[in-house]
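*Asks:* So the protein sequences, as listed, match chains A and B.
Be aware that the first sequence starts at 1, since it is given in the numbering used here, and climbs by one per residue.
Be aware that the second sequence starts at 1, since it is given in the numbering used here, and climbs by one per residue.
Misleading hints may appear alongside valid ones.
[As the list claims (entries may be wrong)] Here are the simulated SDA-like cross-link-like pairs (lysine to any residue), alpha carbons at most 25 Å apart as the crow flies:
| id | chain 1 | residue 1 | chain 2 | residue 2 |
| --- | --- | --- | --- | --- |
| 1 | B | Lys175 | A | Ile57 |
| 2 | B | Lys309 | A | Leu16 |
| 3 | B | Lys309 | A | Gln60 |
| 4 | A | Lys63 | B | Leu285 |
| 5 | B | Lys506 | B | Tyr537 |
| 6 | B | Lys175 | B | Thr147 |
| 7 | B | Lys221 | B | Gly374 |
| 8 | B | Lys293 | A | Thr73 |
| 9 | B | Lys348 | B | Gly406 |
[Unchecked claim] Listed below are several chain A residues computed to face chain B (Cβ distance under 8 Å; list not exhaustive):
| id | residue |
| --- | --- |
| 10 | Gly21 |
| 11 | Gly27 |
| 12 | Ile30 |
| 13 | Glu51 |
| 14 | Ala52 |
| 15 | Gln60 |
| 16 | Lys101 |
These aren't lab readings, by the way, just hints derived from the structure by calculation.
Small disclaimer: the values here were computed from a predicted structure and weren't measured.
For every residue, glycine included, the Cβ atom is placed at its ideal position computed from N, Cα and C.
For reference, the chains in residue letters:
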Amino acid sequence: MRHTISVLVENKFGVLARIAGLFSARGYNIASLAVSETMDPKISYMTIVVEADDEKILEQIKKQLNKLIDVITVTDFTKKEHVDRELILAKVKYLAKNKAKLEGVLNKYVAKIIQHKADSAIIEAVGEQEQIKQLLQDLGQFGIKELVRTGRIAMA
Amino acid sequence: MTGAQILIECLKREGVEVMFGYPGGAVLPIFDKLYDADLKFILTRHEQGAAHAADGYARATGKVGVCIATSGPGATNLTTGIANACMDSIPIVAITGQVKTFLIGNDAFQEADVTGVTRPITKHNYLVKDTQDLARIIREAFHIASTGRPGPVLIDIPVDVQQQDIEFIWPEEVKIRGYNPTYFGHPGQIKKAAKLITQSKKPIIYAGGGIISSDAHQELKELAEKIQAPVTMTLMGLGGFPGTHELSLGMLGMHGTAYANHAIMESDLIIACGARFDDRVTGRLDTFAPYAKIIHIDIDPASISKNVKVDVPIVGDAKNVLGQLLEEIKKAPDTSDWLKTVEAWKKKYPLNYKEEGKIKPQYVIEQIYEATKGEAIITTEVGQNQMWSAQWYKYIHPRTFISSGGLGTMGFGFPAGMGAKVGCPDKIVFDIAGDGSIQMNIQELATCVCNKINVKVAILNNGYLGMVRQWQELFYKKRYSQVELYNPDFVKLAESYGAAGIRVTKKEDVRPAIEKALSIDNTVFIDFHIEPEENVYPMVPTGEAINRMIGGMA
Numbered sequence: 001m002r003h004t005i006s007v008l009v010e011n012k013f014g015v016l017a018r019i020a021g022l023f024s025a026r027g028y029n030i031a032s033l034a035v036s037e038t039m040d041p042k043i044s045y046m047t048i049v050v051e052a053d054d055e056k057i058l059e060q061i062k063k064q065l066n067k068l069i070d071v072i073t074v075t076d077f078t079k080k081e082h083v084d085r086e087l088i089l090a091k092v093k094y095l096a097k098n099k100a101k102l103e104g105v106l107n108k109y110v111a112k113i114i115q116h117k118a119d120s121a122i123i124e125a126v127g128e129q130e131q132i133k134q135l136l137q138d139l140g141q142f143g144i145k146e147l148v149r150t151g152r153i154a155m156a
Numbered sequence: 001m002t003g004a005q006i007l008i009e010c011l012k013r014e015g016v017e018v019m020f021g022y023p024g025g026a027v028l029p030i031f032d033k034l035y036d037a038d039l040k041f042i043l044t045r046h047e048q049g050a051a052h053a054a055d056g057y058a059r060a061t062g063k064v065g066v067c068i069a070t071s072g073p074g075a076t077n078l079t080t081g082i083a084n085a086c087m088d089s090i091p092i093v094a095i096t097g098q099v100k101t102f103l104i105g106n107d108a109f110q111e112a113d114v115t116g117v118t119r120p121i122t123k124h125n126y127l128v129k130d131t132q133d134l135a136r137i138i139r140e141a142f143h144i145a146s147t148g149r150p151g152p153v154l155i156d157i158p159v160d161v162q163q164q165d166i167e168f169i170w171p172e173e174v175k176i177r178g179y180n181p182t183y184f185g186h187p188g189q190i191k192k193a194a195k196l197i198t199q200s201k202k203p204i205i206y207a208g209g210g211i212i213s214s215d216a217h218q219e220l221k222e223l224a225e226k227i228q229a230p231v232t233m234t235l236m237g238l239g240g241f242p243g244t245h246e247l248s249l250g251m252l253g254m255h256g257t258a259y260a261n262h263a264i265m266e267s268d269l270i271i272a273c274g275a276r277f278d279d280r281v282t283g284r285l286d287t288f289a290p291y292a293k294i295i296h297i298d299i300d301p302a303s304i305s306k307n308v309k310v311d312v313p314i315v316g317d318a319k320n321v322l323g324q325l326l327e328e329i330k331k332a333p334d335t336s337d338w339l340k341t342v343e344a345w346k347k348k349y350p351l352n353y354k355e356e357g358k359i360k361p362q363y364v365i366e367q368i369y370e371a372t373k374g375e376a377i378i379t380t381e382v383g384q385n386q387m388w389s390a391q392w393y394k395y396i397h398p399r400t401f402i403s404s405g406g407l408g409t410m411g412f413g414f415p416a417g418m419g420a421k422v423g424c425p426d427k428i429v430f431d432i433a434g435d436g437s438i439q440m441n442i443q444e445l446a447t448c449v450c451n452k453i454n455v456k457v458a459i460l461n462n463g464y465l466g467m468v469r470q471w472q473e474l475f476y477k478k479r480y481s482q483v484e485l486y487n488p489d490f491v492k493l494a495e496s497y498g499a500a501g502i503r504v505t506k507k508e509d510v511r512p513a514i515e516k517a518l519s520i521d522n523t524v525f526i527d528f529h530i531e532p533e534e535n536v537y538p539m540v541p542t543g544e545a546i547n548r549m550i551g552g553m554a
C-alpha cells in the first residue's frame, strides 16, 4: 500500500542524500519524492510517497526519518484529511483531425494543451492520483510518446 | 583565531582531555596548533586503532571519545571504528581533514567524500564549509554525540577552513530544532507498566546497553530487588547489573545461559530496558517469549516495536524511567514460585565445560576473574574469546565489560583496551583476545609501549578462527575452510615492540602467568595455548527458538 508522508527538513546540502540513503539502507521503497523550498528559505518541504505493506514498516519509516537531525517534522497523511495533487506533462500524437476528440477528453480533467507542433502536443494536467490514472488511460488512444510526472505533493 | 585554534579551544571547553589520532597532509594546521596545546595526544599506529581507542575511552569513562585523522585514507581507516561506535551507541567525535573547499569534488590528492561515506554509520555528520560555522558545529557535535541515544558524530574540516583567521565566538547555547530527545517516560505509560508489573507472576528484566549509557545501574538494582524479578542482560548490558547478584541470570541469547533463555521464554512479563530485541537475543522471532507481555523502555522510539510487538512502549532515558517506575509501583508482585523455578533451572543447567586435554579457555577466564577479583576492565575481540568472556567473567560494575556488540569488529579489543586504560589509569585492563583478532590491530603494541599504556592481553590461542571453525564444524560438516592460522611467535613479537610476553601451555601455569603479567609494569601478551577445538556452549543455532540450545547442558 502507498502512503503519503510529508517531511519538513533543514534546507542544507546533503539532506536529500540523508533521506534517500535512509530509504535505501533500510530497504524501504520510495514511489515518488517531491522537494522544494518553503516560504522560509531555511526549510524545505518534501512529500514522499512510500510503499509499505504493513503498519509496522510505515511506523519504522516515520521513526527513522524523525531520528535524522536535519528532519524537523514528519507528517503521515494516511489517516489524515488532506489534499494531494500531481502535475504531469504528457506528449501525445496530435493530428488536426483529432483535435475535437482530444479536447473532449481534456475537458473532463484539469488539463490543457500547452504546446503543439505538427504531429504532437504537450498536455499539462493536475489532479489526484485516480484522476491522473484515468486521464492517462483516456490519452492512451492517442498514443503517449513521453510522460513526466512531478510526484505527489500533499497538504493537510 | 585560525580554524585550527578554534577547534582546539572548543575541544578544551567541551572538556576533552585526550585525543587519539594520526597526522597527515589535510590536518597539518591542526597538528601545528596541537604542538603547543595543553591537550594529551595519543599517536596510534593506525587510524582504526584511534577510532577504537576513542570508543573504548568513551565506554570506560562515560565521556565523549575524540579521534582525528587526515583526509582520504586516514578518514576511511576510521570508518570501521565509527560504524562500531554507531551500532553500540557510543559517543565519539571523529575529526577528519578534508581537501581545500575549492578542490572538493575534483578528485584531489587524498580526497574522499567522507561525509558521504559516513552518513549511514554516524548519528550525524558535518562538512564545515566556513570557519564561521566551526565553533557552533563542534558544540552541536558534542551535544548530539552525548545526548539522547548516544552515537558517533563526524566533523570534516577542509584545510582552508582550518587556516582561515576569524574572531572566535563561543556559542553558549546549542539549539537544534530537529533534535529533541525524550528523557522522561509518559506518566500514563508508567502507570500502565506499573500495573502490569504488579499483576505479573513471572516477570523478567531484560537489560541492555542503555542501562550503562544512562548510568541506570542503581535504579535497575533497586527495581529488581523491589519486584523480585530475575535480570538477564544482553552482551552490551553486562555490568549493568552485578553478575554476582542472586537475581542475575547472566547473558541471554545465542550464547546466553540456558537458565536465562528458559526464563525469558517462560516469563509472563518482559521488562526490556535499553535493549533492542536483536536477532542474537530473540532467536526465531515467532517463537520468542510466547506467554509474555512486553514493556519496552528505550530512549530511541525507533527501537521500540521494531522487531517484536510491544504492549507498553515507554520512550525515555532508562535512569529516569526506572526511577519513575520505582515511585509508581506500590505493590510488588509475589514472585516466590517463579524464583524457585528459575533457581531450579540454574541448578539444572549451569554453565559448564569439561576439564580435560589442553588448557581450557573458560578456565583461563575464570582465573583472570579470580586474580582481578572481578574489578578489572575486560575488553574483548570478537568470536569465541568474546562469548567466553561474556560467560565466564562476572561483571560487577558498569563500564567494566567493553566489547563490540552490534558490529562484531575483530581487532576492537586491544585498541579499545588502550583507550579504556587511558581513561581509567588506575584500573587493570585486560583484553581477552583470540589469535586471529589480536592480529587485526596488533600494531597498537607500539602505541601502548611508547605511551606506557599498560594493557594486559590474554590471547586464547587455538590456532583457528575459532567461531568460524565452530560453525563449520556444526553446520558445514567439519569442512574447515580458511580458518587455520599460521601465527607469529606472540612472545617474541611482544618483546620486539618493547612489551613483555609470556607463553603458557600447561594448566598449572595459567594462574602464575596471570599473576606475573599483573606484576609487570608494562603491556604484556600472554599467549595461552588452548584446546584447539573447544566450542562455545550453550548455543542456539540461527533460526531456532532460544530455548532450543545445543551443548553445555549436561
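*Asks:* Checked against the structure, which of the hints given earlier come out wrong?
*Replies:* 1, 2, 8, 9, 11, 12, 13, 14, 16
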